[in-house]
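Spelled out, the chains give:
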Amino acid sequence: MSRKKKRHLIPDAINPVYHAQVMGRLVRRRMKEPGLTPGTLVHTGVQKVDRVRTTYLDFDPSHVSEAEVDSVDACFPFKSSPTVSWVNVDGLHEVDLVRRLGEHFGWHPLLMEDIVGTSQRAKVEEYEDHLFVVLPMLRWDAEHNQVDQEQLSMVLGDRYLFTFQERAGDVFNPVRERIRSAKGRVRSRGADYLAYALMDAVVDSCFQVLEAIGDRTEALEEQLLADSGQSAMIQLHALKRELIAMRRAIWPMRDALAQVVRDEEDMFTPETEVFLRDVHDHAVQVVESVEVLRDVVSGAVDLHLSMMTTRTNEVMKVLTIMASIFIPLTFVVGIYGMNFDWMPELRVWWAYPTLLLAMAALAGGMVFYFRKKRWM
Amino acid sequence: MSRKKKRHLIPDAINPVYHAQVMGRLVRRRMKEPGLTPGTLVHTGVQKVDRVRTTYLDFDPSHVSEAEVDSVDACFPFKSSPTVSWVNVDGLHEVDLVRRLGEHFGWHPLLMEDIVGTSQRAKVEEYEDHLFVVLPMLRWDAEHNQVDQEQLSMVLGDRYLFTFQERAGDVFNPVRERIRSAKGRVRSRGADYLAYALMDAVVDSCFQVLEAIGDRTEALEEQLLADSGQSAMIQLHALKRELIAMRRAIWPMRDALAQVVRDEEDMFTPETEVFLRDVHDHAVQVVESVEVLRDVVSGAVDLHLSMMTTRTNEVMKVLTIMASIFIPLTFVVGIYGMNFDWMPELRVWWAYPTLLLAMAALAGGMVFYFRKKRWM
Amino acid sequence: MSRKKKRHLIPDAINPVYHAQVMGRLVRRRMKEPGLTPGTLVHTGVQKVDRVRTTYLDFDPSHVSEAEVDSVDACFPFKSSPTVSWVNVDGLHEVDLVRRLGEHFGWHPLLMEDIVGTSQRAKVEEYEDHLFVVLPMLRWDAEHNQVDQEQLSMVLGDRYLFTFQERAGDVFNPVRERIRSAKGRVRSRGADYLAYALMDAVVDSCFQVLEAIGDRTEALEEQLLADSGQSAMIQLHALKRELIAMRRAIWPMRDALAQVVRDEEDMFTPETEVFLRDVHDHAVQVVESVEVLRDVVSGAVDLHLSMMTTRTNEVMKVLTIMASIFIPLTFVVGIYGMNFDWMPELRVWWAYPTLLLAMAALAGGMVFYFRKKRWM
Amino acid sequence: MSRKKKRHLIPDAINPVYHAQVMGRLVRRRMKEPGLTPGTLVHTGVQKVDRVRTTYLDFDPSHVSEAEVDSVDACFPFKSSPTVSWVNVDGLHEVDLVRRLGEHFGWHPLLMEDIVGTSQRAKVEEYEDHLFVVLPMLRWDAEHNQVDQEQLSMVLGDRYLFTFQERAGDVFNPVRERIRSAKGRVRSRGADYLAYALMDAVVDSCFQVLEAIGDRTEALEEQLLADSGQSAMIQLHALKRELIAMRRAIWPMRDALAQVVRDEEDMFTPETEVFLRDVHDHAVQVVESVEVLRDVVSGAVDLHLSMMTTRTNEVMKVLTIMASIFIPLTFVVGIYGMNFDWMPELRVWWAYPTLLLAMAALAGGMVFYFRKKRWM
Amino acid sequence: MSRKKKRHLIPDAINPVYHAQVMGRLVRRRMKEPGLTPGTLVHTGVQKVDRVRTTYLDFDPSHVSEAEVDSVDACFPFKSSPTVSWVNVDGLHEVDLVRRLGEHFGWHPLLMEDIVGTSQRAKVEEYEDHLFVVLPMLRWDAEHNQVDQEQLSMVLGDRYLFTFQERAGDVFNPVRERIRSAKGRVRSRGADYLAYALMDAVVDSCFQVLEAIGDRTEALEEQLLADSGQSAMIQLHALKRELIAMRRAIWPMRDALAQVVRDEEDMFTPETEVFLRDVHDHAVQVVESVEVLRDVVSGAVDLHLSMMTTRTNEVMKVLTIMASIFIPLTFVVGIYGMNFDWMPELRVWWAYPTLLLAMAALAGGMVFYFRKKRWM
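Chains as they are written, first to last, in the working numbering: chain A, 1 to 376; chain B, 1001 to 1376; chain C, 2001 to 2376; chain D, 3001 to 3376; chain E, 4001 to 4376.
Hint data in this document are derived by calculation from the structure and do not stem from the laboratory. Here a beta-carbon is modelled for each residue, glycine too, at the ideal position from N, C-alpha and C. Possibly wrong hints are sitting among the right ones.
To be verified - Straight-line alpha carbon distances no greater than 25 Å define the calculated PhoX-like cross-link-like pairs of lysine-lysine that follow: (1) A:Lys373 <-> C:Lys2373; (2) C:Lys2373 <-> E:Lys4183; (3) E:Lys4373 <-> C:Lys2372.
Unchecked claim - Facing chain D, a subset of chain B residues (Cβ under 7 Å, in silico): (4) Val1042; (5) Glu1066; (6) Gly1169; (7) Arg1247; (8) Val1292; (9) Gly1299; (10) Ser1306; (11) Met1316; (12) Pro1328; (13) Phe1331; (14) Asp1341; (15) Met1343; (16) Glu1345.
Okay, chain A solo, but in the shape it has when bound (with noise of 0.2 Å):
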């Protein structure tokens, strides 16, 4: 029954599923013990779908082909096929499907190490003939108020692309559909602007996330200028830690979209170079409206705050008012109504009415006291 009170004081964001969520995000790899050999595959988090899915797109000017498939094998052949192939894999949790594809693509353990691990920073590693990208892909959890984090790596190589997912369920259904309809340029350039295309939409996603806080923001100032309960600032505070872990996330997504800029790695054609100075620009702007936000988030506490303060004066000044006028009052009355025999001023027929009006006095100068003192 405690525990269900302080439910009621902790609203859900601050709750234990909350909590194991943002700790996961600030602590790597749970799971995995210190000294094991590196490279050892062990995936760690939360395995988040049932079954892992495998997806390709195989794509040229001309044509298009598009299948779920049930073993990775059947994408060995996209390593040395002239089309542009897309691979994706929702869910991480089968260590050796990935092993599968890292030995026959050549990618380092490390890289496939990286893959099944998550709670990876952002980052751009490259090596002799493949890319490797890792990238937050955020959502507005809007149910629970926080902001949902999910790693995607991207494998990028001559002529074929991986994307690996934690779970299904994506921003690249524009793309995707684009593939298919042909539209726009994705069709006829290589794997290398898909792989542009992808962190294209992993960045504009973003900003959905940050509209979605910035309202919240704005719903919960609104909050806490009407009424002075706790439970707006808790939530406030809550909403501030999301912006921390997001801030986490995204710090690293701009410095690798900025080291893919400066490097002019050799996988992106110039033609591309263009286009992925744009993700950059982006990425920079989530990363200043983080801040921005938080330089929101915080004033709207400190405003808070020094409401409190000056509440917290004006309700003094109304007692202090108060007591101050009737508390000496009330003692002269009380001299009065003692019972001693002696008391020759109880018995003239004026004091009654002189003692009434010297009290109206001194209740009046204290009123002219406390406004020359401006509390009233």
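With the hints as your guide, set chains B, C, D and E onto chain A.
Leaving out everything else, chains B, C, D and E in the frame of chain A:
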């Protein structure tokens, strides 16, 4: 009605319209779906004019011609004309207009996307035969006490300059006047000098915004010191936000101008470079002023809070002194107001005056104690 | 007794033992006099083991031999043996042992001084034919809720690796096991890969500390929200200190590893370089996590404070409402408790009920006023 | 009258004059319209002298001549004279004077604009055959307790040096004296050494301002500790602002001097370079001192606030103790002041002494309780 | 007397002597007029010894000679002697002495000015055949609980080393002892190694200051937690200032040493370079420790403040509970103390016990309400 009440507490600066503005400045591309083909022209932001209006100024040292055109096709000849042409477009929602211009003049799709997609960061991008500049145009909206922000895009070619604004009304009239009247250097120099002159006007206009914010800070600060209400506090908080938003617009502008100065872009002649260095200096000053204003506003808030704390302390002292003196006395007179049969002290004639003296002594002792504690 | 009382207020985390630890981590070389000959071997810090214990693991792809030796002289042949030798020394107070080793293997006097002088910063120093690495080994001491820190010194030669620890017990057992069982790459690679494997284990163990701190933060935060006592506050404060101490240990470690990656030291083969890059990435993650945890702990403290302020405000309101309603009423009834002879209103029969009604009206007015002020 | 009242609360430092100054230091070029031709000479800022006064000092190792001239045309010959000439102009509002000089000596229009447009940042600009230096001259205005800021512009040619100040009165008299009396190196060296000597005097004068601020900080701090009024707080706040304004002037000065040292401008001989390095060192010290003073002032404010909090806590304790002891007792005596017919305890003779004892016991218990809680 | 009172409130650490010291460390060159010829030798700061004392140590691997000299002229031969000579001067007010030395050994006028003008920042300046080093010597003054700072200037020539201190007493005795007894390397190496040995002693002595500050922090922290008085707070504040002053001295020292290591000055042999790298490491540790101590002290202040807030909240709750329970009851008994003729309830026998029961119920209800609100 509760809505109206809240409005009373929340001054204009934090009403919904305001929020939409602040948040809008934080989050880019509301309407654009993640995953859309890059280079898709989608107008984002609020449409601020009814009708797009296109005007041009074509001049060389010996002549000037000026007109409003119905169709942008009328501007196509400027591509190869030997005179300097400045085409200004007010309103961005007719994306088709931008596309036609872009295709004729050979602009990159991402450049065109940036022109119509407002809320870009200030930036400078160099293309083969043209330079793309995005700058924020700031204006102080005295009615709502907020910074009004508009995106200015400039495409600088060899002999032409295109400017795109979100609405009519800008700070360029003095420049136009100088062209018409052949005052200053602008008529005798190329499009690059014209671009510089416009940048200079944009940066200069920031000083007017700063001045308005400075004046408002001053007014609010006096209000804060004079009365202890919450209204000035909330408005100061709103001003802090305006500074956050302004800072966000100004920093990238400074960096973009630094890049122009540093890179010695081919588009600018060495003579114009000297002037660009000057504009950059001014941008640095704007940035510094924003930082200083942030410090000043924060200082005002801190001062207010510490004055509140001091005042609460004073109020508490008054209350404590009053209560500590009179509550014990009231207790004492209460004792002799009791109706016990056997209270021998009530019967002797000197009891009453003695008690009065004793109470006076008690009160005097209290006053002495509080004086010693420096509370009085 | 007063001592005991204070202890009650100050939880374990801030007791004298704790202080010695925190301050010990701040101040280096307590016992060493300024001005001593540099390179003088003086063991500083607390002696943590009774007896120095020296063990070695000597292996090549085809064999492993392992033993504990009584005298370090038994390790002298490893200097020129073609196998890879890993000598581990637990306990640093026998400075003579280190000197004999150093003289045989040709180590610089300052290197030897650093091995026995604990509380060094993490660092990497390159000498002609060996590399000196100092890293902190962190462990969460759940009993005292603090981070336990130990200095690990490594001297990496061409075919040998010496490790010096302050006490027995480390995170290297999995590595030892891999050597014994010839699992992974470690048997087939050189001493440099072994050094990498140990560094990896050290950095990985930091994540366990972070997880422990994360769990504790969470527990203290729930405690803070549930009750308003000072105990959770003081413990959160102690945790903040642990993070300061941890941060101090971790930042130099990151920089040292960055230096290894950047300098491409001759001691490491290019194959091992790839792995070092991975360790460096992990160190960066540790640093980021410490920063995030600092933000989280600070946020919790701030939230607590603002909740305190809000609660004080609420308490004040209740007091003010009660006092403002009843103090004037008490004054009024006091008036009619006075014993003046001439108080005509006491004599009329309707005076009493009228007064009761008037007082009810007064109280009602007060309630209405406080409701309007939103205090009730 | 309310105006006068407010003045009482707001010390001199925050009155309108002060505000104009602070804000004026933040906002540049009040009167200049955005869009004016660059290089338009417009005097901004307040005119501080009635009449522009032009003086020169012309010297070589063997002679000195000194005069005040009516027209700047008298200085034209200095352009090609073999002696070193220092022309000083006090007052900037006669823009025509600057234009004539500039045209004769071949200065860039922007340079001239910067001379007459005050509130420039400190900067160094290199032109083909002259160097343009802008430095702030600071002075402590003891009457208004604020930092007085003036712009010093220097144009350093091969054999001439022009200095422009906003008003008469400067820190250069010792330098003038050294020239007249041929003391030191200044007579035997070129114009560059003279420029250095002036810069040195400007930077040195900052130390006097710092000393004044330090003294004032000390005085205000003692005042803060001695009494708890708001006056010292407000003045400390005003001092904080002065430090913000000073910092804003000083940082660019340091950077400008660093640029001179780093660039090894052609205008300075290697012998003078050594001296410039010294000036730069002093500027760094000024910057550091400003930062330290900011820390000191902030610390004083923090200390005051925490003392206020502690005092409020103490005041509250006294109030609570008094109220908790006497309010229940007053209630008890109130009971026996009631006039019920049937109150048997009023009739027994031992009731009164028993009640007195019981009340003493109650009060004693309260005192014991508060002692246990360490409130007394 | 009011002076004495204030002294009671302001502990030793903030008395006028202290202020002179803190401010003196902020402001340089009190007595020197701006505009004086650079290189003018003016002793600034407080004269700390009565008489300047000059001693020398002259040694080579095979001999040592040591003496105190009356006139510095006795040191002139060291310029060309083949032995290593270390001349130490205690006291700086005889500027003539420094001038004579400087002229003989060919030092730059600015170098000499820096020797006698104390409060220089730590720095390293390279001249043609000598190196000038300024370092702060710190010492903990346990009596006044403050950091005592003295300027050490070193001029390192090829075979000689001059050191200038403000007063007698330093941390170099162990070095002197090593020279006399031919222990360690110092006798067999050149003047550069001697300079290193002194720098090492200076940096090492900082750790003792840090230890003292650490101990004091600990003591004050325990005091803060044990009682809530202002004394510990004020002293902690004073300690914070000491850390500001120390930080200001230490950062430039670190930078100066970094410069020595980086520049590989010609004055130092490669063998000594290795040792300099070690000194620099220690300086970095000192800087880090100062930062950590600042964090620790700030944390202690924050903890104290939050405990104050919590305690105030508790005190308020007690007051509110007492007042809320007894003030209404007192009102009720007041009603029946009134002397109206017509108060029928006074006449019935069961009125009194009923009222007592009703009041008990009211009090019980209050207690229940406060328990529900978790105030009790």
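> For which of the previously enumerated hints does the structure constitute a violation, in increasing order of number?
Replying inline: Going through the list in order, the structure violates hints 2, 4, 5, 6, 7, 16 and respects the others.
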